[in-house]
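There are 4 protein chains.
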Amino acid sequence: MIAILKSGVTDQQIENLCSWLKKQQLDVHISRGQYTTVLGLIGDTSRVDTSLLESLDIVQSVTRISEPFKSANRKFHPADTQVCVNDRVKIGGGTFHIIAGPCSVESQEQILCVAKAVQASGATLLRGGAFKPRTSPYDFQGLGTDGLALLLHAKQETGMPIVTEIMNINLLDAFENVDVIQVGARNMQNFEMLKALGHTKKPILLKRGLANTLKELLMSAEYIMAGGNENIILCERGIRTFEPYTRNTLDLSAVPMLKELTHLPVVVDPSHATGMSRLVKPMAMAAAAAGADGLMIEVHNDPARALCDGPQSLTPEQFDDVARAVRRIREAMA
Amino acid sequence: MIAILKSGVTDQQIENLCSWLKKQQLDVHISRGQYTTVLGLIGDTSRVDTSLLESLDIVQSVTRISEPFKSANRKFHPADTQVCVNDRVKIGGGTFHIIAGPCSVESQEQILCVAKAVQASGATLLRGGAFKPRTSPYDFQGLGTDGLALLLHAKQETGMPIVTEIMNINLLDAFENVDVIQVGARNMQNFEMLKALGHTKKPILLKRGLANTLKELLMSAEYIMAGGNENIILCERGIRTFEPYTRNTLDLSAVPMLKELTHLPVVVDPSHATGMSRLVKPMAMAAAAAGADGLMIEVHNDPARALCDGPQSLTPEQFDDVARAVRRIREAMA
Amino acid sequence: MIAILKSGVTDQQIENLCSWLKKQQLDVHISRGQYTTVLGLIGDTSRVDTSLLESLDIVQSVTRISEPFKSANRKFHPADTQVCVNDRVKIGGGTFHIIAGPCSVESQEQILCVAKAVQASGATLLRGGAFKPRTSPYDFQGLGTDGLALLLHAKQETGMPIVTEIMNINLLDAFENVDVIQVGARNMQNFEMLKALGHTKKPILLKRGLANTLKELLMSAEYIMAGGNENIILCERGIRTFEPYTRNTLDLSAVPMLKELTHLPVVVDPSHATGMSRLVKPMAMAAAAAGADGLMIEVHNDPARALCDGPQSLTPEQFDDVARAVRRIREAMA
Amino acid sequence: MIAILKSGVTDQQIENLCSWLKKQQLDVHISRGQYTTVLGLIGDTSRVDTSLLESLDIVQSVTRISEPFKSANRKFHPADTQVCVNDRVKIGGGTFHIIAGPCSVESQEQILCVAKAVQASGATLLRGGAFKPRTSPYDFQGLGTDGLALLLHAKQETGMPIVTEIMNINLLDAFENVDVIQVGARNMQNFEMLKALGHTKKPILLKRGLANTLKELLMSAEYIMAGGNENIILCERGIRTFEPYTRNTLDLSAVPMLKELTHLPVVVDPSHATGMSRLVKPMAMAAAAAGADGLMIEVHNDPARALCDGPQSLTPEQFDDVARAVRRIREAMA
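Here the protein sequences line up with chains A, B, C and D, keeping their order.
Taking our numbering as reference, the numbering of the first sequence is continuous, increasing by one, and the terminal residue is 402.
Taking our numbering as reference, the numbering of the second sequence is continuous, increasing by one, and the terminal residue is 402.
Taking our numbering as reference, the numbering of the third sequence is continuous, increasing by one, and the terminal residue is 402.
Taking our numbering as reference, the numbering of the fourth sequence is continuous, increasing by one, and the terminal residue is 402.
All clues given are correct.
Identical copies go unnamed one by one, so any copy, or any two together, can satisfy a pair.
For lysine to any residue, the following SDA-like pairs were computed, each having C-alpha atoms within a straight-line distance of at most 25 Å:
id, residue 1, residue 2
1, K143, T203
2, K263, G212
3, K143, Y313
4, K269, I237
5, K283, G266
By construction, these hints were calculated from the structure, which means they are not laboratory data.
Just need the whole structure built from these sequences, with the hints factored in.
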């Protein structure tokens, strides 16, 4: 970390600052120029509060040389992390997995039908929403714990590990047999939830918030990792921009950028990002080509009747076509 | 609500759709054109799931004529809501209140000193963070319940009602003597928290999320109101844009726009929006001129040593100058 | 186009509006509901000024059913347009071309060296900047007409058609032997330039503005087409968002979305979008997988010494690797 | 300017870089730390191409200490610039002027009627569009030179200096008697136009682009100033964000921020920013309170029939009310 001091700062002020910094267990290297004094701070700067340092009267600006995330940082952990969901499903480190299923779990028939169809097409994890974050309190909020039970039944029938979203950390016990707990975009900075999940050993699928930077996404991963849980799968699902044709703008450059910054696996959700089922295939192929470790795709046995997010769901037949196209892309990258 | 059907839709399909809509307790008025059939839906359309309707094969597009928020809608409640914090402090309906205090509560001496200073300058509510949402798990997270105790002590000493942020709904009991509970920008769509606060009678200061639309802000207010708590104060605190000079972009047009859409009071936080203490005065004046019902301003007795958000805090002397300037603006508007 | 009228509008007002609309050569279909009257406007609604219509006292809202672009609209021209650059190079309609070359033309040696290298790796068009749009008046502005001459010499030596940016329509004559004229992102809504280019027969590579919607991009294409020039290649090159790690956010969902909306070919520029040479390969592959008709990639014989935009340029060796990877993706899509 | 070098850089590499920098007429101050070498560059760094420097293999990052704009920079020109439009109208330096008039000039009757009305209410400059930038080629493009003639006639009749937009630099001669030439938001980075205007002595009203940063706005001013024309009035007119209720988001914090960064006057256009006439009054008042040097407001004698931008225009009566309210705000600030 480099702190550039304002011109006209006195020796006494510099000395005071340095002694304060040293108390924070940092080594300080001072270089005095004709116009500017520059401090190089060496040590665990991820624990330095940049905004506090910048607020000091004598500081002109602060530049981080190392990133503020530490456990998630590839610099300190060069090898890819592989998140083990079960003996067969390991995400990251060169594998490629497709998570598929309906937006909301609606009935036993529905979830089983979709699960078997996507499994036959190559999906290795089953997704389904039991608790749904909805902008309006008047919209369908999911089947709740009944939905969880239906998912667990589908897991038993198919052997597929399940991925589902948590919205209330008080219900964590009900997620005991859930294989991957999803933190939705709106809860990416629900720090209390992140801390609580850090004390579990569950794989966490952490979705990027609609208006969150990659650095913020990694800092949220850091919250979970700081608690001791390093089983994190990052998920790009589109960011909010000014473009109205698509619901959100899928930021695929986030994939190689994240793979450079962190050792954690990165999957892409093209369904929520675009909000349109007919854009899912090209965006799924593009995500695979960009180097994603997997995909998360909405599939419904009857999209026209889906209780929510219908326009972005594929039929099982469409999903099969997408899965084949994605496999061909993956083969071309081998 | 107007649903425009695709061309080539059969009479049978239209009939099926209409009978489904009528089951949702909507009246349907059909008008058939040469190329297009338009359905007018009449009734409580706030409960209609637009995305579901749009997902239907035969529907081209859906246009809401009335807004999806109902309890918060000025159309159904033309008079301004006045949120009564205590006998003397009522927010909305023509009053103007300044909420002031430090970003974080740090010590008894600090909070008392700031409280007395801002009270002398005209602030009527005391703010202070006990639980702090920080992007990094390594940054200072607030004094927690100890911070709450210090705030309550300052309330007792000064008589000022206090405003402080909740981050974990399980700690709601600890907020029993807090006068206004703040929901921070990052929790604006923490729907479980909103539902829980809807079951209290506490005044809620609901901050707009960094990338949330006004409609989403009002839908979040609607979550609280749907539970029975109508004591909501909305707060504009800056949105995320591409401009890097200011931390966020304060959206002051949100003030008159919200006042048109809703009967709830609207306050503005110029400190967080700009992230720079020297922009607080002009933005506080502008917010008052734009018609805000109040301001929320960070004040610190020693900004250079504040444990967080130092650069945006004013000294008590600067706050006094701001409060005077704002009063002159308010008088010019009388 | 559907106009929804306000409640309480009189028959006389509706009649006046309808007679005014009919004068604009539109057929009007009126449907009166209990609460709302809806007008269906039929005819060439691309010539209707929506904002004017919405400004009328009696109009509640206006919804376009057909898009405001007409010549560019795939609805009226279902087959892909193929832009013929020369006998061998035709862009669109199932072909795939890579445009490569340096950001700025610097010297005869440089442009020839790069041209031959990228041609050997499979690029079919040569790009190079002679006139450079720079944010600062103090930055290098390109070699101007000397740069054009160097490009034309490289064209003669290699047979590659050339693509270069125009910044001043008064210099159009100097572009006589340029094969594809590029309109840069900052000039996408320089309507006077678009009109002038509409009166040529030159292929135009039209880049999306940093903060322009797809509809605006298509309306800018429409300006050129309205003048009689239908040889337009659209180019996605990244949009401005809040994410700072990448210079811009490459919006790859724009590719399938544009292919649905228009018959014009769409190419992608991953170099400018990301601003980082190490992201060019994954984004080039992703763009091909998303269905782009071609790519535009910056290549420099010595990126470390490039006079501008160095960080985003590839070496010829890196470009060769990218071109091979993209070819494998294209083969996987066949 | 501070350049931080990568670790592991050799003495020879540092020496090479320093000798190259010295050739650019910069003094270089080297400070070697244990891990990092930092170069302090002293001299006219506004002429240093940051992206070139950052592209060098041995450079980790570059931080500007001084801003890249020079002529516009308040540091080098602390006193407010006052742009003299005529003997009576001087913008900046403590004055406050309102520019008012119709979006488009439509007829002699219209422009005269509006001009006299706004003059009576206190406006000191008359605006009116003769050349209109429209997203669609099918929308009304303005009366062109006929519109200019009508404006000049209104100037003669009322004595009000006129402000109107230029879209084609080839028509500069026709603007000879125009008092203030407006550069619209879409042409803010039309660098060829900026250069041409730099060779005139005309006051230029330079509007901020929809997605341009304040730094880019100032660099565009710098283009004009570099040509010798320092008569520039900056104009904030709203930026593009995700919020759909208002057409754009008026960034009022830009006012004090610009006033700190530059000595040039800053006016605000609340009409285009919000796109709604009923938001013009609160935003005009807020802009004055934020410290703007003036306002630009659309007024139409019959908004319901305006040929473009009707919904954002005020009637003369409404304008009179706005002007009074703004005057009271200005008085409260004295």
